[in-house]
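Novice: Sequence:
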Amino acid sequence: MLQVKAVGKAMEENFGTKGRARNFCKRREALWDLGLHRSLAFGCRFSVMLEEEEMIVRCKCVIRAEVFARTNMTALLCGHVFHAECIQKWFEHTDTPSCPNCGASINTEQIVRRLFFSATDDLDDATLVDELMEKVDNLEAENNNLNRQLDEARNLQKKLTEERNSVEEQLRTSKKNEDNLEALVKSVEEVLKVLDKREADLEMLNEVCNNACTTLRSVEEQLKILRNKETD
Numbered sequence: 001m002l003q004v005k006a007v008g009k010a011m012e013e014n015f016g017t018k019g020r021a022r023n024f025c026k027r028r029e030a031l032w033d034l035g036l037h038r039s040l041a042f043g044c045r046f047s048v049m050l051e052e053e054e055m056i057v058r059c060k061c062v063i064r065a066e067v068f069a070r071t072n073m074t075a076l077l078c079g080h081v082f083h084a085e086c087i088q089k090w091f092e093h094t095d096t097p098s099c100p101n102c103g104a105s106i107n108t109e110q111i112v113r114r115l116f117f118s119a120t121d122d123l124d125d126a127t128l129v130d131e132l133m134e135k136v137d138n139l140e141a142e143n144n145n146l147n148r149q150l151d152e153a154r155n156l157q158k159k160l161t162e163e164r165n166s167v168e169e170q171l172r173t174s175k176k177n178e179d180n181l182e183a184l185v186k187s188v189e190e191v192l193k194v195l196d197k198r199e200a201d202l203e204m205l206n207e208v209c210n211n212a213c214t215t216l217r218s219v220e221e222q223l224k225i226l227r228n229k230e231t232d
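Using UniProt numbering, you'd call the opening residue of the sequence shown number 1 and step up by one each time.
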């Protein structure tokens, strides 16, 4: 099974420069798009597998629907790639040589008979899929955990906001009560001043009354003396 590093414009459009995915979500979307919906410019269908820092592409011939071996690939001038024996049989059964993929007219003298790629070791599809699914599950679990923490933080913030509003309301009530108490104290002080003045007035009246009583008793004594003299 041939595995080659994907390069070119189609890769850059989906993964950024140097064929690297910017983040795992983009790589997962690209896995879906490229693996299930697209055929790239090589004229073969691609099964795309992603690792952390590079993308690996496995090519299939659209005529035979089999994965290419390392040395049995032929490239047409239009850029599409097929098994050498597949394209040869295709040309034998057509009047005008054309690409099975795009239909472009082909000059059989301009066919690249052999293609060679720098290959990596074979990768186990199931293992790669399992690793990717595990990464997806881990990211989803982490995302769910973060969302749960976010909800808890929001609930805590809401609770703290309500408590702050309650304390502020209590402070406003206390300030209002304090203002009312200060007004009451001032009112009581005014009343006390009035009472002090009245008490002073009463003391003055009491002194006048006492003086009047003393004068009255003195007059009564004098009248009594005068009456006694008249009797004698």
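In short, the hints are calculated from the structure, not lab data. Do not rely on the hints blindly, as some may be mistaken.
[Claimed, not checked] Pairs of lysine to aspartate or glutamate, EDC-like flavour, derived with a Cα cap of 20 Å:
1) Lys159 / Glu142
2) Lys158 / Glu140
3) Lys135 / Asp151
4) Lys158 / Glu142
5) Lys193 / Glu182
6) Lys159 / Glu169
7) Lys193 / Glu203
8) Lys197 / Glu207
9) Lys135 / Glu109
Novice: Taking the hints in turn, state whether each one holds.
Specialist: Hint check:
For a cut-off of 20 Å, the pair hint linking Lys159 to Glu142 is broken: about 25 Å separates their Cα positions. With a C-alpha separation of about 26 Å, the suggested pair Lys158 and Glu140 falls outside the 20 Å cut-off, and the hint is violated. A threshold of 20 Å between alpha carbons decides the hint, and for Lys135 with Asp151 the separation of about 24 Å lies outside it, so the pair is violated. The hinted pair formed by Lys158 and Glu142 fails the criterion: a straight-line CA distance of about 24 Å is larger than 20 Å.
The suggested pairing of Lys193 with Glu182 holds, with an alpha-carbon distance near 17 Å, which does not exceed 20 Å. For a cut-off of 20 Å, the pair hint linking Lys159 to Glu169 stands: about 15 Å separates their Cα positions. Taking the CA atoms of Lys193 and Glu203, the gap is about 15 Å. The hint holds against a cut of 20 Å. Proximity of Lys197 to Glu207 is assessed by CA-CA distance (about 15 Å); at most 20 Å being required, the pair is judged to hold.
For the hint linking Lys135 to Glu109, the alpha-carbon distance of about 48 Å lies beyond 20 Å, and the restraint is violated.
Checked against the numbered hints given earlier, the structure breaks hints 1, 2, 3, 4, 9 and satisfies all the rest.
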